[in-house]
Structure formats: structure tokens, C-alpha cells
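Take 767 as the starting number for the sequence shown in the numbering used here and just add one per residue.
None of these hints come from the bench; they were simulated from the model. Treat the hints with care, since some could be wrong.
Heads up, simulated PhoX-like pairs for lysine-lysine below, C-alpha to C-alpha not over 25 angstroms straight-line [unchecked claim]:
1. 787 / 840
2. 807 / 787
3. 861 / 836
4. 935 / 886
5. 836 / 786
6. 807 / 840
7. 886 / 861
8. 952 / 935
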Amino acid sequence: MSRPRVLIADDHKIVLEGLKKLLDSEFEVAGAVEDGRELVKAVEKLRPDVIVVDISMPNLNGIEAVRQIKKEHKEMKVVFLTMHPDVAYATSAFKAGASGYVLKHSAPDELVTAIRAALKGRTYVTPLIAGRLLQSYENGAQGQAETVLSLTSRQREVLQLLAEGHSVKEIASILNVSIKTVEYHKYRTMEDLGIKTLAELVRYAVKQGITSP
Numbered sequence: 767m768s769r770p771r772v773l774i775a776d777d778h779k780i781v782l783e784g785l786k787k788l789l790d791s792e793f794e795v796a797g798a799v800e801d802g803r804e805l806v807k808a809v810e811k812l813r814p815d816v817i818v819v820d821i822s823m824p825n826l827n828g829i830e831a832v833r834q835i836k837k838e839h840k841e842m843k844v845v846f847l848t849m850h851p852d853v854a855y856a857t858s859a860f861k862a863g864a865s866g867y868v869l870k871h872s873a874p875d876e877l878v879t880a881i882r883a884a885l886k887g888r889t890y891v892t893p894l895i896a897g898r899l900l901q902s903y904e905n906g907a908q909g910q911a912e913t914v915l916s917l918t919s920r921q922r923e924v925l926q927l928l929a930e931g932h933s934v935k936e937i938a939s940i941l942n943v944s945i946k947t948v949e950y951h952k953y954r955t956m957e958d959l960g961i962k963t964l965a966e967l968v969r970y971a972v973k974q975g976i977t978s979p
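All chains, please: the whole structure from these sequences, using the hints.
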């Protein structure tokens, strides 16, 4: 009987190596990638059963990558493994289509439990935030996540790339669009967020978990 195939995504090589060793006894590790755009491509090539993905990754963060993947592969199971304990990030993750949300400092077997649950069509939330996440849904208090989600997918992509230090010309090349299009999304994003400088935009992106410091 073949083992479930898992694709892992994290921008730290040492984390990827640790995950391979942890998962190898029960799952087939189909591949490992270090940024969100690589993840989107790898899903098309490798067709895993489950993705284990971090939120904070360069070029395209995990949540945006999962949104793109889910458009083409609604059945794809996704477990987020992240350092972010804030329920706003968990809310965004589940809205993007996650089946599980596990914190990196949780017990290693918690990730395995979350993957098993995802494969069975169930949802897993780390006990460390489960109560607060449920309460936030009941109260409708999702502030930060809702602000980010009010932006278009393209705005969020441009925001992340700007925050990572890419020039407008470089972003146009990465996204395969015109410089004028990137400029439009840049200024539209700043206007929608009430932000006036690039420095403020970078701080906002880091605070919201769109990119790492």
C-alpha cells in the first residue's frame, strides 16, 4: 500500500530537513520548496496528497500560495506549520482553505496528527489557540485578517514583493505584467490602507505576517 505523499514548504533549510526526518516514517515526502511561488509550481508537477506550509515565505507567502493552489485544486489538503500564534493568521489560513493549523513549537507528533486528520477530511487546530480561534469566530472579531483580505490577490502579491525590497521593474518581471500595472496596484494598495510611504507599507506587511522582518 502506497504512503500518502506530502509536499513541504518552508524558507529555512534546517526546518525542511527536520520535517523530512519527522514525516519519513509514515509519509512519502514528495518534495521540499523554500518559497510560495516554488510551491505553486511544485503542486502542479508533484501532485501531493497534502501540503505542509509555513505562512512567512519569500516572494509569495504561504496563505497567498494556498489561495492560488485551491483555485485549481479544491481537493488539496493543506496543513499550516507556523510560528504565528495570532488567531488572525489562523483565520486567514482557514479562509484560504486549510485543513490544519499547527505551531512550530508544538510537539512534533501534533503535526503528524494534523496531517492524518486532513487526509480523513477533518480539521485540526493546535490546542494552544483553538479556544481563542473559536471565540474570535463567535465574536466576529477578525480585524487584522479582514483588513488584509479586503485587498485583491494581486494587491497582496505586489505588497509582499515591495516589502521584500523588489523594485517596481523587478515586480513587473516576476508577475509578468507591465510596470504601469504594478504602479497602479502599488498606489491603489497604499490608498486602500491609508498608507503614505513605502516605509509604512513595509511595516504594515511585516505586522500582518505578509512577509518576514
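Do the hints match the structure? See the list:
no.: 1; hint: 787 / 840; verdict: violated, 28 angstroms
no.: 2; hint: 807 / 787; verdict: holds, 24 angstroms
no.: 3; hint: 861 / 836; verdict: holds, 11 angstroms
no.: 4; hint: 935 / 886; verdict: violated, 45 angstroms
no.: 5; hint: 836 / 786; verdict: holds, 24 angstroms
no.: 6; hint: 807 / 840; verdict: holds, 16 angstroms
no.: 7; hint: 886 / 861; verdict: holds, 19 angstroms
no.: 8; hint: 952 / 935; verdict: holds, 12 angstroms
Of the numbered hints listed earlier, those contradicted by the structure are 1, 4.
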